[in-house]
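Residue-level listing of the chains:
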Amino acid sequence: MSQPAAVRSAPDVLVVDGVVRRFGDLTAVDGVSFHIAPGETYGLLGPNGAGKTTTISIIAGLLAADAGEVTVAGERMGPQAVAPKRHIGLVPQDLAIYPELSARENLAFFGRLQGMRGSALSDRVAEVLELLGLSDRAKGPTKEFSGGMKRRLNIGIGLLHHPRLLILDEPTVGVDPQSRNAILESVEALSVEGMAVLYTTHYMEEAERLCDRIGIIDSGTLQAEGTRDDLLRLTAEADTVRLSGSAIGPEVSAALRALPHVERVDAGPHELTLLVHDAPARVAEVVTTASAAGMALTGVEISRPDLESVFLHLTGRALRD
Amino acid sequence: MSTVLAIAGTELRRFLRDRSNIFFALILPLLLVLMIGLQFGEDASARRALVVGTESPLRADLITGLQEADVRVAVRDRESALEQLARGRADIVLVVDDEAAAAYGSGDVGVEAVLGSQATAPLVQRQVTSVLSGLQTREGQVTALTSRGVDRALAEATLDDVTASSSAPTLVVRNLDEREQQFSGMGQFDFGASGQLLLFTFLSSLTGAATLIQARRLGVVSRTLAAPVSAFQLIAGQVLGRFAIAFFQGAYIMAASSLLFGVDWGDLSASLVVLLMFSLVSAGAAMVVGSLLDSEGAAAGVGIGLGLVLAALGGSMSPLEFFPETMRAVANLTPHAWAYEAFADILRRGAGLGDVLSELGVLAGMAIALILLGSWLLRRSVARAM
Ligand SMILES: Nc1ncnc2c1ncn2[C@@H]1O[C@H](COP(=O)(O)OP(=O)(O)OP(=O)(O)O)[C@@H](O)[C@H]1O
Ligand SMILES: [Mg+2]
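Here the protein sequences come in this chain order: R and G. The numbers in the working numbering rise by one with no breaks, and the one at position 179 of the first sequence is 1255. The numbers in the working numbering rise by one with no breaks, and the one at position 361 of the second sequence is 363.
This is chain R alone, in the form it adopts within the complex:
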């Protein structure tokens, strides 16, 4: 896909450069660097505790970095930087809305904090309510909302002021499939409008569907970064094989690791996840070996390379919910 030169050289909306953050002895974010262009959706994919929220808090200027720097729309970000925050719309992981105020009042309040006033504000509030499908529930207190409605409002507050960078921190956690789909669709629509989006998740399907580029983060480090296809190439076409069952002892993992075509083995309590080259031809051997080592098998599943296999390839661990 060839882009016009002007678009290609459009300056990045977000530049994160070597950001480090420690909490006591724990280094939650350890030298993370990436950048996002206008209209681009960038996914941070990583398990619980990977450092996604910490990274986002630093970008949004809520948390100071111990090292490195963040630039948003050309302006240096940090806890003391107030003005550059107008470029950012933050949708926090936890629902940050006033329960006793209505959806409209919540939107109007955060709009005023962004410096919006009068009819410009009320028009935009009405527009966002429409976009979120909340127009007919604009008046009641939000504590009476369903989880999905609250999530939608949480997102609406983030995009109310047309930020250049919208940051969404796991916006679909605990949401029913219908609301989830509505949320994903609205994010897709935003990037079409030219907004840069930073999207964190530990659902690989969401990252695959939404994101132009994906950074895989684990233990505070960016393990790899690129388009979905770039990342899949890293696994050298290894398939993911899941063995479910019980009696998964260390000797089972050891026996499997010894097989020539098996690249990685991650043992969970009820499941073994393996990266296997040429899996369809090798799966019989894998199953026999596991049984021989004492595992009580109840199921076998082979999947084509996906981000799950990439994560396993990079970290030696499965990306679980």
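Simulated from the structure, these hints should not be mistaken for lab results. These numbers were taken from a predicted model, which means no experiment stands behind them. Note that the Cβ used here is the ideal one computed from N, Cα and C, for glycine as well. Hints may contain errors.
[Unchecked claim] Now the stretches of chain G that chain R is said to cover, found in silico as 3 or more residues with beta-carbon under 8 Å:
1) 10-21
2) 213-222
3) 225-232
[What the hints assert, rightly or not] Computed Cβ-Cβ distance ranges for the label pairs, DEER-style:
4) D1199/R - R351/G: 55 to 63 Å
5) G1100/R - L374/G: 27 to 35 Å
6) S320/G - G1194/R: 28 to 36 Å
7) G1100/R - V304/G: 24 to 32 Å
8) D1199/R - L270/G: 56 to 64 Å
9) D1199/R - A385/G: 33 to 41 Å
10) L374/G - G1216/R: 33 to 41 Å
11) N1124/R - S320/G: 33 to 41 Å
12) D357/G - H1238/R: 33 to 41 Å
13) G303/G - E1261/R: 57 to 65 Å
14) V304/G - E1261/R: 40 to 48 Å
We have chain R already, so just place chain G with the ligands on it with the hints.
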């Protein structure tokens, strides 16, 4: 500034949105003012005498004399007078029977009195005695003159001239009881209204701090800082919001007690400045509670506990004047006591702004200290949450 106002306005709106506040902030204080007022009885410091008996010169002179001595007098039939006395609605019942009325003309002055059990009753009795002895003296003088052949009308006119020309030594009868003096000039609902105003302004501020705790816990405070809002604006907005809640509560009680119970708040500008200063103290305390505690339930508990204890110590429940010496000293540690003194001066003794400057100064000091501490705690809690 508009950011600060948006934050403050939202805090006040959230406080008013809470249904339970309609009862606790709007209805309960007025009920308590009413109940305390009824306990105090109609004008606690008023002295009342009831007179029984048919129309006569003695009755008329007695009533005039007592009224001049600031005693409220009413004529009743014997039965209802004694009943009212028994209920504590009067200090003394004076029976001017026909015999006494007849004796008056012959220079013999005397009435039968039944004394009530109020603290003020002996005082009224002394006033009655003094009025009667005045009448007796005068009757004696008239009789002395008429017995020497002076016409009665001339004798009375002469005596009137003497009284008018000589500035008679007036004995101002003050309440002997110091306590009585302190409460004079106070209406029935005044103590209840100023006490409940202080109690509820402080209490509502502290329990209202739950909205700050909730906002911190839900991450709305952090989200506010993700907008182009400085920490200073956030804190100023919160302080202003807490102040708005406190001042609203106090001003509401002031207005409602004045409309419903006729409480006279004296020099209104002075009263409002006292309320304003006390609201700032309350706002500071709410900032401390809202930033220090992490659960709304704890804020309600601490708010109610601290709100009631400080109000009791500070004279909002029973008058400071009833406190023993050491308790008075302890009371001065509470903002309530200082505001109580200021209100007592304004409501009972007609003081103006200039007379309560020292109380206002102490309140201002408390407000500054608490607001600074609360702001520092909020800043710290926000930084910690990040
Ligand atoms: N304020 C804090 N104090 C101490 N440790 C913290 C703090 N915030 C985060 N951490 C730690 O930093 C690490 C990264 O946390 P972070 O919240 O960034 O992960 P995450 O990728 O967002 O995880 P999740 O998917 O669960 O939201 C975790 O080990 C977490 O316990
Ligand atoms: Mg997180």
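Results for each hint:
| no. | hint | verdict |
| --- | --- | --- |
| 1 | 10-21 | holds (count 5) |
| 2 | 213-222 | holds (count 5) |
| 3 | 225-232 | holds (count 8) |
| 4 | D1199/R - R351/G: 55 to 63 Å | holds, 57 Å |
| 5 | G1100/R - L374/G: 27 to 35 Å | holds, 29 Å |
| 6 | S320/G - G1194/R: 28 to 36 Å | violated, 53 Å |
| 7 | G1100/R - V304/G: 24 to 32 Å | holds, 30 Å |
| 8 | D1199/R - L270/G: 56 to 64 Å | violated, 43 Å |
| 9 | D1199/R - A385/G: 33 to 41 Å | holds, 36 Å |
| 10 | L374/G - G1216/R: 33 to 41 Å | holds, 39 Å |
| 11 | N1124/R - S320/G: 33 to 41 Å | violated, 58 Å |
| 12 | D357/G - H1238/R: 33 to 41 Å | violated, 57 Å |
| 13 | G303/G - E1261/R: 57 to 65 Å | violated, 46 Å |
| 14 | V304/G - E1261/R: 40 to 48 Å | holds, 46 Å |
Hints 6, 8, 11, 12, 13 from the list above are not met by this structure, while the remaining hints are.
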